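Protein chains in written order, with our numbering: chain A, 1 to 110; chain B, 111 to 223.
Check the hints yourself; a few may be wrong.
Restricting the straight-line Cα-Cα distance to at most 35 Å, the calculated cross-link-like pairs of lysine-lysine (DSBU-like) are [claimed, not checked]: (1) A:56 <-> B:134; (2) B:188 <-> A:97; (3) A:69 <-> A:26.
What the simulated footprint calls covered on chain B by chain A, stretch by stretch (three residues with Cβ under 8 Å from a Cβ of chain A suffice, anywhere in the stretch; the number is not a length) [to be verified]: (4) 153 to 159; (5) 208 to 214.
Simulated from the structure, these hints should not be mistaken for laboratory data. All values derive from a computational prediction rather than experimental measurement. Ideal Cβ placement from N, Cα and C applies to all residues, glycine included.
Each chain, written out:
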Amino acid sequence: SQQGEEDPQALSIQEGENATMNCSYKTSINNLQWYRQNSGRGLVHLILIRSNEREKHSGRLRVTLDTSKKSSSLLITASRAADTASYFCATDARDDKIIFGKGTRLHILP
Amino acid sequence: DAGVIQSPRHEVTEMGQEVTLRCKPISGHDYLFWYRQTMMRGLELLIYFNNNVPIDDSGMPEDRFSAKMPNASFSTLKIQPSEPRDSAVYFCASSPYLSYEQYFGPGTRLTVT
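With the rest of the complex left out, here is chain A:
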């Protein structure tokens, strides 16, 4: 099945540093989304990037999309303790269903 795979599986950085997570997928998409999940909570949508877009910003978030490499990256700048969470990419399959990856666990160290 078409599924985004996040890399790395887990990431620990110092507060204030930038965090970069990557997502690779297998077949062509219409759009790609990133979600955050805090421990014990539901997923929260962060940003959607369409296949004809290359970069998108939202606050401290920067998402890039390279359709030729079938990959996306999520950059969180100036990380904060509250950014500690799991981050998922989601891609739409041929039948437009959204498929979620298994996520990257981000831990911000004080």
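Chain A is already provided as a structure; the job is to place chain B on it using the hints.
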């Protein structure tokens, strides 16, 4: 809007018992999704509805699982009989469009002993 509402938040039951999970989507959202999340398998789509009609239930693990959406503001996911391997967090999500941003509920943590 209060967002997607799920109940109960936690459910502990014994193997063989029937379990019913409930969801109220965001008003005006035409799509409703049921997901299951475990450490081993990640987030799995079980079934989704469009305008109260089940469209794709290919993710439902077996006949013990059933889902209904009797009206636009309510859906249930039922497991009968429950088994320990059904232990997971079950999420409901809603969306105005199929491949658009989804709004997740807080989830129901199910433990089957």
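Now for the hints, and whether the structure bears them out:
Note on residue 56 of chain A and residue 134 of chain B: the hinted pairing holds, with a Cα-Cα distance of about 32 Å set against a maximum of 35 Å. About 22 Å separates the Cα atoms of residue 188 of chain B and residue 97 of chain A, which keeps this hinted pair within 35 Å; it holds. Between the alpha carbons of residue 69 of chain A and residue 26 of chain A the distance comes to roughly 10 Å, so the proposed pair stays at or under 35 Å and holds. Figure legend: the stretch 153 to 159 of chain B, annotated as covered by chain A; annotation consistent (3 residues with Cβ-Cβ distances under 8 Å, at least 3 required).
Under the rule that three or more residues need a Cβ within less than 8 Å of chain A, the assignment of the stretch 208 to 214 of chain B holds, with 7 such residues.
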